[in-house]
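Visitor: Go by the hints and put chain V onto chain G.
Listed in order, the protein sequences are those of chains G and V.
In this text, residue positions in the first sequence follow the numbering used here: the first is 1, and each later residue adds one.
In this text, residue positions in the second sequence follow the numbering used here: the first is 1, and each later residue adds one.
Among the hints, a few may not be true.
Straight-line alpha carbon distances no greater than 27 Å define the calculated BS3-like cross-link-like pairs of lysine-lysine that follow [what the hints assert, rightly or not]:
#, chain 1, residue 1, chain 2, residue 2
1, G, 69, G, 22
2, G, 58, G, 22
3, G, 49, G, 22
4, V, 26, G, 58
5, G, 49, V, 13
6, G, 69, G, 49
FYI, nobody ran anything at the bench for these hints, they're computed from the structure.
The structure presented is a predicted model; accordingly, all values stated were derived computationally and were not measured.
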Amino acid sequence: AQSVAQPEDQVNVAEGNPLTVKCTYSVSGNPYLFWYVQYPNRGLQFLLKYITGDNLVKGSYGFEAEFNKSQTSFHLKKPSALVSDSALYFCAVGFYGQNFVFGPGTRLSVLP
Amino acid sequence: DAGVTQSPTHLIKTRGQQVTLRCSPKSGHDTVSWYQQALGQGPQFIFQYYEEEERQRGNFPDRFSGHQFPNYSSELNVNALLLGDSALYLCASSLPGVETQYFGPGTRLLVL
Chain G
1 AQSVAQPEDQ VNVAEGNPLT VKCTYSVSGN PYLFWYVQYP NRGLQFLLKY
51 ITGDNLVKGS YGFEAEFNKS QTSFHLKKPS ALVSDSALYF CAVGFYGQNF
101 VFGPGTRLSV LP
Chain V
1 DAGVTQSPTH LIKTRGQQVT LRCSPKSGHD TVSWYQQALG QGPQFIFQYY
51 EEEERQRGNF PDRFSGHQFP NYSSELNVNA LLLGDSALYL CASSLPGVET
101 QYFGPGTRLL VL
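This is chain G alone, in the form it adopts within the complex (with noise of 0.2 Å):
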């Protein structure tokens, strides 16, 4: 069965620091792997997608993301963390055609 991990609840970090919201997944075959933002009250926002090529990807608003097949992560990273990147965030994994399988979501909170 497929099934995606965010292993952290809640991740905390400073205005203008680095920011990192890990995913692990568990699937078979090659999926294709998403990053969701959700602000409150809201429905999810694309925020970017790796499905071949390239481990790096860069989505809006200055996210980007690292695949890594050996260690079946992609993390969600951003240079320097604002307040209004404070929101609910979601890996998700998939494959042509199919449905999404989501993570459970992780707080991030931008302290000014």
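Guide: Then chain V, alone, in the frame of chain G:
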């Protein structure tokens, strides 16, 4: 270009009642997926519609049913509501087989 829209935004029902939620996909998208997001959890896949047929289904009981119309909009119906059905219901649209799903703002359902 309008994104994914959902109605209503909020809904309060009592146990045993039935509810219908509506979704209009992003312009040009013909595949609609529905997810249930319970409080503090990641979204769980309910089902996906393409060409007016249910193409995939997650682990949800038959009380959850859906429909897709010729204009690609979709409805989610839940019968015999239970307290545990209280959640944010998210609709996502995509192009067939294309990996990225775009989410609407959700409908928050409260069952009393």
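Visitor: For every hint, state whether the structure bears it out.
Guide: Now for the hints, and whether the structure bears them out:
Restraint check for residue 69 of chain G and residue 22 of chain G: satisfied, since their Cα atoms lie roughly 14 Å apart, inside the 27 Å limit. With a C-alpha separation of about 16 Å, the suggested pair residue 58 of chain G and residue 22 of chain G falls inside the 27 Å cut-off, and the hint holds. Distance check on the hinted pair: residue 49 of chain G and residue 22 of chain G sit about 15 Å apart at the alpha-carbon level, within 27 Å; holds. Using a Cα cut-off of 27 Å, the hinted pair residue 26 of chain V and residue 58 of chain G holds, with the two alpha carbons roughly 23 Å apart.
With a C-alpha separation of about 37 Å, the suggested pair residue 49 of chain G and residue 13 of chain V falls outside the 27 Å cut-off, and the hint is violated. A hinted pair counts as satisfied when its Cα atoms are at most 27 Å apart, and residue 69 of chain G with residue 49 of chain G qualifies at roughly 14 Å.
In summary, the one numbered hint that this structure violates is 5.
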